[in-house]
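Kindly produce the complete structure, drawing on both the sequences and the hints.
Protein chains in written order, with full-length UniProt numbering: chain A, 1 to 352; chain B, 1 to 352.
Please keep in mind that the hints were generated in silico from the structure rather than gathered at the bench. For each residue, glycine too, the CB sits at the ideal point set by N, CA and C. There could be a bad hint or two in this list.
Computed footprint of chain A on chain B; a stretch qualifies when at least three of its residues, placed anywhere within it, have a C-beta under 8 angstroms from a C-beta of chain A [stated by the list, open to error]:
| # | stretch |
| --- | --- |
| 1 | 90-97 |
| 2 | 128-136 |
| 3 | 262-274 |
For reference, the chains in residue letters:
Protein chains: 2
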Amino acid sequence: MTPPEHPQTPTARRSAQTATLAEIAREAGVSAPTVSKVLNGRADVAPATRNRVEELLRTHGYRRRRAEASRSPLIDLVFHELESAWALEVIRGVENVARQAGLSVVLSESAGRLTPGRTWADQVAARRPHGVILVLSELDESQRALLTSRSVPFVVMDPAGDPGTDVPSIGATNWQGGLAATRHLVELGHTRIGAITGPSRMLCSRARVDGYRAALETAGLPVDVGLIKTGDFHHESGYRLGLELLRRPDRPTAVFAGNDLQALGLYEAARELGLRVPDDVSVVGFDDLPVARWVGPPLTTVRQPLLEMAEAAARLVLELGRGEGAAAATRVELATSLVVRSSTAAPGVAES
Amino acid sequence: MTPPEHPQTPTARRSAQTATLAEIAREAGVSAPTVSKVLNGRADVAPATRNRVEELLRTHGYRRRRAEASRSPLIDLVFHELESAWALEVIRGVENVARQAGLSVVLSESAGRLTPGRTWADQVAARRPHGVILVLSELDESQRALLTSRSVPFVVMDPAGDPGTDVPSIGATNWQGGLAATRHLVELGHTRIGAITGPSRMLCSRARVDGYRAALETAGLPVDVGLIKTGDFHHESGYRLGLELLRRPDRPTAVFAGNDLQALGLYEAARELGLRVPDDVSVVGFDDLPVARWVGPPLTTVRQPLLEMAEAAARLVLELGRGEGAAAATRVELATSLVVRSSTAAPGVAES
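Here's what the structure looks like:
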């Protein structure tokens, strides 16, 4: 089997060879220019007609030909939420690649929902960018069909859920990162190591905590579920769950905080309880945001190459748009690396 | 005198009433459709022709009519640089207003140059967004003419230089912020107060340090120029200049750090020298980035309502596009406010 030319729509490609714009028009009982108007996102089509045409485009898996010429010089970048310095690194990466390609970046926020709204998909279909990059965001079936019918390729970065094997995606080696963070603590001599995870619906979060478990198990240490707290990757949950962990009579001597923001929340919890980092509790983050170097003490963390991941996502989506390379199951994972600073040390005198 | 309809181009408006597209075409020795192509940013016009037409559009101050209908549903947002969490607040503000208006946000970075490149201006002229918001970025004369000829309104946010009285702009009360920060330190009993400023070419930076001087002078305290260091608003300059200040035999007991990133650099310098904040040195920042609450000790700072400023800039540019309100000299300044946390205290025992 040869890989399909446009990996995200293997079914679409097959039927695209038979269903033409004229056939769609005939079946919808409208003129070919009307189908064109729908494809171009023009407003002067009756909603009922438009829905009928969209439905036929979808069922026939229609794909626009010669898309290159009619594309806007834009790349769409969609965030689940624009809340952390995390997002800025991603924006810079995409912007770097876009600028070199003479393209501009359109930014959207799916505003806390994991799937961007219908209006967004319509706008994208109308402006036909060179590609769409989704960050921790997902497309539903009809949105994928809409983009596919306009030959707009898309790539998912660090997917929150399972993107499916036919969606190209870029991520980091989250499991290895969780493993490296926890091994570092084990090697320092810690035996009671807590964890604060991200939301369990996000694969990256699951992978990190699985790496944490694997490190404990391979070191022959017990996994105490009471020491694993489920957070949401925000500062507040690091603080709140940090208080829970550090108030225990058998409190952990080290915590893998899931990400940098939760690590900073944990710092605050420790300060409030009069505990010192790393003397009383060692802390490891994940991401290596700029702030990780600036806090006191500077944070030991797992570096995720966010800028490079975003650049890779942008290059991949442009390649897909040109019909180059990239097999169906493209999943690129860039390596994470442990950055040891001053927030980790051997278990303190309080324990000995 | 009545204010001109489009404040940024009082001269343009006068001549627009005489020079039509047909006249421009005649003078350029080309057809009217060719002038249209240039206006629409189409690639199929010879460079020499294009330059001639652009020059005539500029000298005649031509302004496209009925621009509303042919606009893309976009707002352009241009940053000087996308480096700090600062930028993210601004993006969120513009995105909020854009989403409500059914528009998407195109993001560009002028990559360290204060004036975005020529390619950028061409792209904007071609896509004709509803408006352009420039953050710490400036347009040169030809770029302003290019946007004006396409009836693309623009607003400058927190200008780096003097935007001129005919460019609408949004800022914060930087002078009052510098005054409030320094008065707070004076009221705590400090008499040797240092300052780390931003780049002197940025008005916001000048205004802050002028507020600092005013606070000292009105309190009858001498202004010691040896205690005023010129930084660049990055963490590194706070660290480096912080070391210079804190290594002096007559070191200041408090420092107004110019912005939050420099304040964090100063924290690092203090740690390195074994000085405690606020016991040995009080620190005040400016901006109130999310991280200001999270560092240890939480940072006393001047809150700049970045999100609200960005929302105001977006609303203003949309109003200008509709030809509403907004007089020529529109300059909106939103109020700053002092947020007192734990990085400031009375001069410590080390001094007494």
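For this structure, which hints from the list above don't hold up? Violated hint: only 2; rest satisfied.
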